[in-house]
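Visitor: Listed below, chain by chain, are the residues.
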Amino acid sequence: MSIPGAGLGKGLAVTLKTLVTPSTTQQYPDVAPELPPRSRGVIALREENCTVCMLCSRECPDWCIYIDSHKEEVVVPGAARPRQRNVLDRFDIDFSLCMYCGICIEVCPFDALYWSPEFEYAEYDIRDLMHDKDRLGEWMATVPPPPPHDPLGEPSKEETAVAKRASAS
Amino acid sequence: MTWELILRVALVAVAFLTLPLLVGQTEHKVMAHMQARLGPMYAGAFHGWAQLIADGVKFAQKEDVTPRAADGPVFRLAPAVALLPYLLVLLVIPLGPGDLVGQPLDVGLFFVLAVVGVGVIAVLMAAWASANKYSLLGGLRAAAQLLGYELPFVLSAASVAMAAGTLSLPGIVAAWEPWWLLWQLPATIVFFVSGLAEIRRPPFDMPIADSELVFGYLTEYTGLRFAFFLLAEYVGIVVISALTAALFLGGWHGPWAESVGWLWMLLKTGAVAFVVIWLRVSWPRLREDQLQRLCWLVLVPLALAQLVLTAGVRVALS
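If you read the sequences in order, they're chains A and B.
If you count the first sequence from 1, position 100 lands on 159 in my numbering, and the numbers rise without skipping.
If you count the second sequence from 1, position 254 lands on 255 in my numbering, and the numbers rise without skipping.
Hints are computed from structural coordinates only; laboratory data are not their basis.
For every residue, glycine included, the Cβ atom is placed at its ideal position computed from N, Cα and C.
Quick list of the computed label-pair ranges, beta carbon to beta carbon:
{"#": "1", "chain 1": "B", "residue 1": "Val-309", "chain 2": "A", "residue 2": "Gly-64", "range": "17 to 27 angstroms"}
{"#": "2", "chain 1": "A", "residue 1": "Pro-63", "chain 2": "B", "residue 2": "Glu-213", "range": "19 to 29 angstroms"}
{"#": "3", "chain 1": "B", "residue 1": "Met-2", "chain 2": "A", "residue 2": "Pro-63", "range": "52 to 62 angstroms"}
Excised from the complex, chain A in its bound form (with noise of 0.2 angstroms):
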């Protein structure tokens, strides 16, 4: 049996806890946030490390990146004929499109797509939020670091694969 009323008291108390309780808010344009590793803000591109397998562009939900490439003949000193190799010409992300489900990055096989937390390229004009490659290879100094392993998470793939193959042999 409860006493009639102890809801409005304990509604009381609560804001009452909250006042005296200082505010965690950060002012943004005053303080940067705080944001937490691997924040999706914008997409960089690491060009050197793409090699046009087209596999971002295709698995894009919404069809946001655009890819022109063209083939250039290598020739490789004592190779018996020329080798053939994929020369990015476009490479565009178009931010008014994109949904950061963050796809193009788990899938590209090379590493060349990474997370960047800043988030401040709003626009005045929606064209401009096609970024070109230029563009995304300049967020690429935005890029942290890769967070360390969570202590308390499970073990790394690599690490269990090793120690399996230990008590294996």
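Put chain B on the given structure of chain A with help from the hints.
Guide: Using the frame of chain A, we list chain B on its own:
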């Protein structure tokens, strides 16, 4: 003599213009921090102290719209009718011992209760004249609520008048003794709760009920007239807090009352105003039937019982 009168009226006018802003700013900040926010931080550079001034400037710049179907003169007059009674009430509330009151009035309590009741008319004027169904619904709710709560409001005030044996507000404060806090406790609660309902503050904001009625009887108001209604709400807080402090919490009574009595009065008023804000943040709005039930089945009997108690103690003492 004339100069003294002018000075008194001017001081009351200054209090009328500054105290509500103070309460409003406190509400901004207290409510924000109770909701784990910061509230206004930019206007005036230091913790948003000038926010309400900025709001006032904004309101003054807005277009003054009178709906075509509205009853023009009544519609335009309503904000003034809402605001004026509170100004008149401030005139008779004692600030400190002796002569520190805008205008000592022998029937002060009677005057206050009569004049505060005029607020109902302002609400009804705004509601009927707006030619808006939400305004009308809000106004009818307000009429039902204000007429209902007028009764416990008056009865509890009558209790303290009976205890003091006078209707003059300075007289009641002068007759007050600390043990009255206990003796008049039910009347204090009834007076404060029905006072909250009189100024239509949450949890008694059924007439405004923004989630059901757009903004009740204020729906059609814009600009300066809307600001007047808002100002009336905050003056209402000041008046109800000051009345509660003066009638039931001993007004200027306190240590060194002779010299700093006015400070005690302001502190007590501020504390009651804080509770008003606190209740707004913490409690949900009462439904219409709950509102009437609370009034007629709880507050009115409580006030009547308090009257009997007061009369009994008075007879026993004399």
